[in-house]
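Asker: On the provided structure of chain P, position chain Z as indicated by the hints.
Number of protein chains: 2
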Amino acid sequence: MSARYVHGYEATEAIRLQDQAQTLEHLLHADTVYPVGDTVLEAGCGVGAQTLPLARNSPGAHVTAVDVSATSLAEAERRVREAGHGHVTFRQADILALPFAPASFDHVFACFVLEHLPRPREALAALGRVLKPGGTITVIEGDHGSALIHPRSDAAEAAIGAQVALQRMAGGDALVGRQLFPLLGAAGFVGVQVSPRLVYVDASRPALVDGFIRRTFTAMIAGVRAQAIRAGIIEAEVFDAGIRALLRTAEADGVFCYTFFKATARRAA
Amino acid sequence: MSARYVHGYEATEAIRLQDQAQTLEHLLHADTVYPVGDTVLEAGCGVGAQTLPLARNSPGAHVTAVDVSATSLAEAERRVREAGHGHVTFRQADILALPFAPASFDHVFACFVLEHLPRPREALAALGRVLKPGGTITVIEGDHGSALIHPRSDAAEAAIGAQVALQRMAGGDALVGRQLFPLLGAAGFVGVQVSPRLVYVDASRPALVDGFIRRTFTAMIAGVRAQAIRAGIIEAEVFDAGIRALLRTAEADGVFCYTFFKATARRAA
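Order-wise, the sequence lines are chains P and Z. Counting from 1, position 136 in the first sequence corresponds to residue 127 in this note's numbering; the numbering is continuous, with no gaps. Counting from 1, position 93 in the second sequence corresponds to residue 84 in this note's numbering; the numbering is continuous, with no gaps.
Next up, chain P with everything else stripped away, as it sits in the complex:
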């Protein structure tokens, strides 16, 4: 997986290059490249948002994408076929009851999946069982506690907190990113390495102002408005003020930061 890593550059040259990442996809996916012929299980592919870059970056690998929802899976398959990728197979499956023999895959990949699961450690352990000895797992998760904005806003914090509370009520955890190191260790993996990916946005990075502040993060929070108000977690006026405060960070003097956590580990050989 790390065949494209090159040793010996200055750490700081690299930082500058991280600073240049203009899309979230590049920041999260670009260093996941599976060798030709290897088998990859994508666990929890949803509607295929992460399956597309995964398939694009590893054109020679054999990807099996599973999801518990048949509807999502059909949409993922439609998108991946439309993009012309023939090396992805789709199968409906629950991560805790995978229809694969032990040691079936060279690699497992899961992006934005643990945040939805009530038992992330058990899910990781189940994924470990279908991995060949020495095989790798890659996990990517966000962490809403990492959101940092200027100008600061209590209402924005409350709106983000409403999403965190809703996800907890649904059995998930929007603060799971920071926990990848202990979770993978507890699930029996070895060689756990966590690489945080900080998205920093100000007016000097217009692609991210629109693509990340407006269309990714704020849109995601705004999407839980009705549910959060109905659940009595937050008042409508506070929520709406929070959304306005998040959008305010997209102005010329605003700043928005968010950290994703990308972890890799191996099943013991």
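The set of hints was computed from the structure by calculation and includes no laboratory data. As the structure is a prediction and not an experimental result, all values here were calculated from the model. We put the beta carbon where it would ideally sit given N, CA and C, even for glycine. Wrong hints could be hidden among the right ones.
[Stated by the list, open to error] With beta-carbon atoms standing in for the labels, derived distance ranges:
1. P/27 to Z/17: 33 to 41 Å
2. P/125 to Z/197: 23 to 31 Å
3. Z/220 to P/226: 31 to 39 Å
4. P/181 to Z/235: 27 to 35 Å
Answerer: Structure of chain Z alone, referenced to chain P:
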């Protein structure tokens, strides 16, 4: 300043190398290297903690370090002389009343200074005036709002909040890191670029567990205990529980994240 930057590598190779930074000094200072013969003003050198790496990384530059405190300045000079650096001159001065002619310096460097100042924008504007047209400014600040820990702890948040409140009472701002982009713009600089530097610590990085969690961050928070309790900001038991929770992140399953912000900009030519 950016002579050592090299274009064209994959962003992700760089991320891995950032992941490898084993000391805070390397993460913050390594890409600040001033050319031979250039003049550099270090604004607010304190006891010289940042003057030492600055002098080390730019052995051919002429550094003038100023601080408002004669006592701190004497200690900085002692340390820098002891390290054998002959290219640093020390002078007592207030940033808002600098004893230098306009356009005196090729570069200005200020690390962990704005956080203490009641008027950071005015301070930056004053630093801009002693900079030659086209000269560069480099500013590094932390932001306590970026601290992210596992296991989570309300007491740890309260202890960190006590330090933020004390700093505000003293006229400073422990959340200034996120504001560097708008502050430098408002102070008249051009070409503002912010590069966040995230320190991620888990048990796989033992040097940072000790060097950053215990000896840097927790020690800094613990240092305000008496003052915070005396000021009535926090109860002793909560503060002490917060310190224990911060130290808890140094155990085998703990995680600690903190983000520094490093900005560079130019005085218009």
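Asker: Using the beta carbons of residue 181 of chain P and residue 235 of chain Z, state whether their distance is inside 27 to 35 Å or not.
Answerer: About 30 Å separates the Cβ atoms of residue 181 of chain P and residue 235 of chain Z, which means 27 to 35 Å holds.
Asker: Can you let me know if the beta-carbon spacing of residue 27 of chain P and residue 17 of chain Z is within 33 to 41 Å?
Answerer: 36 Å, holds
Asker: Starting from the hint 23 to 31 Å, judge whether the C-beta atoms of residue 125 of chain P and residue 197 of chain Z obey it.
Answerer: 25 Å, holds
Asker: Is the distance from the Cβ of residue 220 of chain Z to the Cβ of residue 226 of chain P consistent with 31 to 39 Å?
Answerer: 35 Å, holds
Of the numbered hints stated above, none is contradicted by the structure.
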